[in-house]
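One line per chain: the protein sequences are A and B, in this order.
If you count the first sequence from 1, you need to add 1 to reach the working numbering.
If you count the second sequence from 1, you need to add 273 to reach the working numbering.
Think of the hints as simulated: they come from the structure by calculation, not from any bench.
For glycine and all other residues, C-beta sits at the position ideal for the given N, C-alpha and C.
Treat the hints with caution; some may be incorrect.
Derived contacts from chain A toward chain B, CB cut-off under 8 Å, selection only [as the list claims (entries may be wrong)]:
(1) Leu242
(2) Arg247
(3) Met248
(4) His250
(5) Ile260
(6) Leu264
Chain B regions said to be covered by chain A (calculated; three or more residues, Cβ under 8 Å) [said to hold, decoys possible]:
(7) 351–357
(8) 360–372
What follows is the residue order along each chain.
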Amino acid sequence: MLRSFLTRTRGRGRLDLTDWLTFGYLALAVVLMFGPVAWMALSSFKTESALQEYPPSLLPLAPIHVEVEGYDEPLQLFRVTGGEHEGKLLAQVRRIGLMSQMVDPQNPGERLQVNINDRVPEREFALAVENYSALFERFNFALYFWNSVFITVIATVITILFNSMAAFALSKYRFRGRTFVFILIIATLMIPPTINLVPIYLVVSELGMVNSPWGVIWPAVATPTGVFLLRQYMLTIPDDLLDAARMDHASEWRVYWRIVLPLSAPALAVLVIFSVMWRWNDFLWPLIVLTRSEQFTLQLALNSFQGDLQTSWSNLLAMTVLTLLPITIVFAFLQKYITTGIAQSGVK
Amino acid sequence: MAVLQLDGLIKDYGDVRAIHGVDLTIDNGEFCVFVGPSGCGKSTLLRMIAGLEEISGGELRIDGERVNEQRASERGLAMVFQTYALYPHMTVRQNLAFGLENIRTPKPEIARRVEAAATMLQIGPYLERRPKQLSGGQRQRVAIGRAVVREPRVFLFDEPLSNLDAELRVTMRGEIAGLHRRLGNTMIYVTHDQVEAMTMADKIVVLRDGRIEQAGTPLELYNQPANSFVAGFIGSPRMNFVDVTVREIRADGVMVSDAAGNDYRAAVNADGLKPGDAAELGIRPDHLIVGDAAGHAVTVQSVEQLGGESYLYCETGAGTPLTVHLAGQTGIRRGETTHVVFRPDYTHLFRKSDGLGMKRLVVGEAV
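This is chain B alone, in the form it adopts within the complex:
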């Protein structure tokens, strides 16, 4: 129904290139999330797809048809804005109907679709109100409703939840995911929040400085990040990184050692790494085992007890910070020294020079 193809898309603002030739295919019905730090170009890319920003180079195709020259109003896409962008001088009903009136939809059809969207999004009681009489969550629903009534080929979401409080954000996240399941449309969703990306996406596209760092399913990105940037960006809390030097290439992985002389094994392919090369060892907080005397000694700097889980913020002998995630509650106190073991099968290795991630020998939890 709607396949989007981005072919070498470029955006220049004067002499400054904001988007450096992005290639991407978004399949029909896919929920694709653009994620990245602020200023990475994700919103610009979305606005280029929407037709709100001119495309400086490359080609954008929807269902195989080049749409570079089409206006936003002709592309048949719908967008939900971060600021909701509801028309303040219109009632909710008029807000929902505006787009349909513009394409001269018959009145009864408009009424039917508005009612249907209102029921689906539970905004029926507010149809005669003005946007400023609504709460943030209600406004967000109306903004989504305005996109839904148009029955567009593709939904575009530009950080739609960032103006909501944490609790509402979780609720709305579920609703948007539910909406996608029900409608089955292609959706593109921009966020800087990697949790939103992980929970909602079929495909995550990680962007940095106008380039795609990696695109794939949430677990692909989590399990096999292409580089240290993606590894650091995906997953919460952040992956731990330790600066190391390659010591030895073996069949069961790469042996490395840090500045303090601690040895680690990473179950990865060497992929061009040679003994003596500088590298970065990465391990997620969940994959550290605490209290095993065979491990490396660390000092606990602070402890966060959340009841169901706990976080230790430690420092290694070489002064590298290390976050450890523990299930349940812990008796470890601030200032204590404990030992942590890096599980080799969960250890990532990145080349220091360009951050390239080494292929892991065993991927996923099925170890």
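If we strip away everything but chain A, and leave its shape as in the complex, we get:
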């Protein structure tokens, strides 16, 4: 099925001009969007020295070291590109100024002198997994990961619950000021987040939630986008269903819980994706609220890798990859709902 999908053409059996344009456009998009991510993922497996190299290599490569008889340490292997030993593979014993002392691994007895400009290191594909293991050994990755997961999951659950209840009331109950309340909620979208940063901080601080995950969770759960999305979707649920449930002895809570919520699943999935992305990638607000490193989320921990003088790029990249993984997985599982959910809450 995948094959027939990928090889589908407009012209029957042969490639039409449209096919060339389409595939070209799509290929360009893949390179533009997926390229940086792939580059980052590959780079995360490079050693620190390989990362500093110029020109950079695409694949993570590491210099080859060989055991040579008579030497205790493994010696680095070079290919000689000029001079009398051109074309040979030699191991370097030591380097003295512009010359390096080398031996032929096949003939360890003889020392050879090679100009350092006449040799290039031999390299092979190697994954520097220590970038990753260091995250767990030297940095407390598990703690940051847990902090991020906790905030994301709890905030998403509360977001779904609160927004759907608000949307239920706004879409299914007729009361005075309903439109006004709805417009008020939507209107908050017009206020830039930077403006209410300080007031919200004051509230959070007064409530004693600074340096607590709840200080990140509570201000984020009421989202006008979520209320709007769910309300528009719930408007499409027929009122007869709700009336039928009421005739079936269902309390208003049960109408909401057993009828409205399950039927809003596509819209809820969209909101789950949004909420997970927002909370997981959130940086500015946690940076303000969380100051102690044991409360840091992954995004804050990533930031702390970047020192004023020195940045540990290898670990930073490895952590970035791990940070991207969960959201990619969530997206992969729920993405089919995005278009349907948004489309259906838009029409009618």
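Starting from the known structure of chain A, fit chain B onto it as the hints suggest.
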């Protein structure tokens, strides 16, 4: 078991009054049909009884107890919706069980009642399906089943058959009537289709503009309509109306004449009518005799031959349309002129000013 009393029920939507003080008693076990043209308030009235619409004034009593303030979920009624309103995310079995789960019925009891309802309505094979996998008739059965399992005091039906095709409608009509015979519950049924009303009802309530025009048994309404609206609404095809003027009040009825000077006798009580008053003469298509030279001349505009019966669509000399029903087949062709006799004993007379129907001297077929 369940007597419903509607005492001056009023429904206001803002400044607009939709229901104008309806008084009605529906006896235990009665099959009561609310019928009327669209917008007459019949569905609103049903939803007020169900508890889905607030009651603006008056009192609703079930078994003598005032229930105005009770929620729909507390009144113990069950309703079948026009759109079926089956929960799309639940299987048929879950749809049937939902109401019982809400009142915390024990699991074995739920299973027993669901099975019983499924057997009765022949939906057993579909219990594990979702509503969208069912046909319209099957969905309708499930919707009825959902009401049946609850064993409610009163069944409410809101135009349950209007989404079905004609053939299925006749079948389901019979099934609902059969259901009523078996269960013996009080049922209230809303429809705009007077055939459904005539065939199923113990009592028909004809509504217009939020008021009851007449309530009674199907034949009472058919034989002695209270006014020209009920007369025109009940019976198919529609009753024929001729504008007339009262000429003379006699012991055997009222003599009237139309604009073209044709004279008719209506075997009714004058009931306040005086010679010279404007009136409307009504006669059903079945009560016209065709081909009697003593009758009034009419022109046949079109003929419908149904095999077992025929309909003539005629026009009188004064330009009034007249529908005639004939048993069997007819040789009369379009464009011909024929004569029809109005049978006086079957002729209705209505006061022109307010449509009030005059009491007939002889009522029913037992003439």
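Identify every previously stated hint that the structure contradicts and give their numbers, smallest first. Failing hints: none at all.
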